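A.B. asks: Residue numbers (my numbering), protein chains in the order written: chain A, 1 to 115; chain B, 1001 to 1110.
To be clear, the hints were calculated from the coordinates, so they are not data collected in a lab. What you are looking at is a predicted structure, and each value in this text was computed from that prediction instead of being measured. Where hints are given, some of them may not hold.
Unchecked claim - Estimated spans, in silico, between C-beta atoms of each pair: (1) B:Q1055 / A:D54: 35 to 43 Å; (2) B:N1063 / A:A95: 26 to 34 Å; (3) A:N55 / B:T1003: 38 to 46 Å; (4) B:Q1002 / A:D54: 40 to 48 Å; (5) A:A95 / B:Q1013: 32 to 40 Å; (6) B:V1060 / A:A95: 13 to 21 Å.
Stated by the list, open to error - Partial pick of chain B residues on the chain A-facing surface, computed with a CB cut under 10 Å: (7) W1007; (8) N1032; (9) G1043; (10) G1087; (11) A1092; (12) F1101; (13) T1108; (14) T1110.
Beta carbons: idealized from backbone N, C-alpha and C, even for Gly.
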Amino acid sequence: AQSVAQPEDQVNVAEGNPLTVKCTYSVSGNPYLFWYVQYPNRGLQFLLKYITGDNLVKGSYGFEAEFNKSQTSFHLKKPSALVSDSALYFCAVRADQTGANNLFFGTGTRLTVIP
Amino acid sequence: SQTIHQWPATLVQPVGSPLSLECTVEGTSNPNLYWYRQAAGRGLQLLFYSVGIGQISSEVPQNLSASRPQDRQFILSSKKLLLSDSGFYLCAWGQHSPLHFGNGTRLTVT
Chain A
1 AQSVAQPEDQ
11 VNVAEGNPLT
21 VKCTYSVSGN
31 PYLFWYVQYP
41 NRGLQFLLKY
51 ITGDNLVKGS
61 YGFEAEFNKS
71 QTSFHLKKPS
81 ALVSDSALYF
91 CAVRADQTGA
101 NNLFFGTGTR
111 LTVIP
Chain B
1001 SQTIHQWPAT
1011 LVQPVGSPLS
1021 LECTVEGTSN
1031 PNLYWYRQAA
1041 GRGLQLLFYS
1051 VGIGQISSEV
1061 PQNLSASRPQ
1071 DRQFILSSKK
1081 LLLSDSGFYL
1091 CAWGQHSPLH
1101 FGNGTRLTVT
């Protein structure tokens, strides 16, 4: 069975400071890992993914994430937060052998960047 | 380029009424299609997915059903809505990773 945990419901950070949104996963086989962002009353927008290769993945809007196999983590990071980064962030996982490309999502972390 | 359309954007329906939400994808063929529900603005639950016309897999037992009458059309339905069906419904498509989401339909059952 696949699952994703986002241990923080809410993360607050001052504008200009680095931000981290945490994610840990559980999956049989090799994981495919994703981060999405959701703005109010909108669908999810894809930020980045890890499939294989370099453990540090760079994505949209200056975000990056680091895959750590030993800690089964895939934390989202950004060196300098913007007020416009305030949104709901979802981590998701699928197992590589899942043919239907089904994603399993965490419960989301609300990021608030304080001006 | 590929686009996904979902409608309506918002819907208010009384308990016991029928439901039909539509999702269409443009710019691709034979996509995998998905319906997710997001409750209380947080976690997403996979409701249905389809890998081809007429092929529907249900992930959770519920008051809803899905159909795929055409390659790029995915419909979420109910014969009689319950209060617990209220939520934000998201359609997604994906041939390979990642999934791409529509803008969602906010359903309120009163």
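A.B. asks: Please go over all the hints and tell whether each is borne out by the structure.
C.D. replies: Against the structure, the hints come out as follows:
Taken as a hint, the range 35 to 43 Å holds for the pair Q1055 of chain B and D54 of chain A, whose Cβ atoms sit roughly 36 Å apart. Range check, N1063 of chain B to A95 of chain A: about 29 Å between beta-carbon atoms, so the 26 to 34 Å window is met. Between N55 of chain A and T1003 of chain B the C-beta distance comes to about 33 Å, which lies outside the given range of 38 to 46 Å. Our hint of 40 to 48 Å for Q1002 of chain B and D54 of chain A is violated, since their Cβ atoms are close to 27 Å apart.
Between A95 of chain A and Q1013 of chain B the beta carbons are some 36 Å apart, a value that agrees with the proposed interval 32 to 40 Å. Remark: the range hint 13 to 21 Å for V1060 of chain B to A95 of chain A is upheld by a beta-carbon distance near 19 Å. Residue-level restraint check for W1007 of chain B is violated (minimum Cβ-Cβ distance to chain A is 13 Å; threshold 10 Å). The restraint placing N1032 of chain B at the interface with chain A holds, with a minimum CB-CB distance near 5 Å, inside the 10 Å limit.
For G1043 of chain B, the suggested interface contact is upheld, since its CB lies about 4 Å from the closest CB of chain A, less than 10 Å. Hint status for G1087 of chain B: violated, given a least beta-carbon distance of 13 Å to chain A, over 10 Å. Satisfaction of the interface hint for A1092 of chain B is found here, the shortest Cβ-Cβ separation to chain A being roughly 8 Å, below the 10 Å cut-off. Evaluation of the F1101 of chain B hint against chain A yields a held restraint, the C-beta minimum of about 4 Å falling below 10 Å.
Hint status for T1108 of chain B: violated, given a least beta-carbon distance of 13 Å to chain A, over 10 Å. The interface hint given for T1110 of chain B is violated, since its Cβ lies 19 Å from the closest Cβ of chain A, which is over the 10 Å cut-off.
The structure shown violates the earlier hints numbered 3, 4, 7, 10, 13 and 14.
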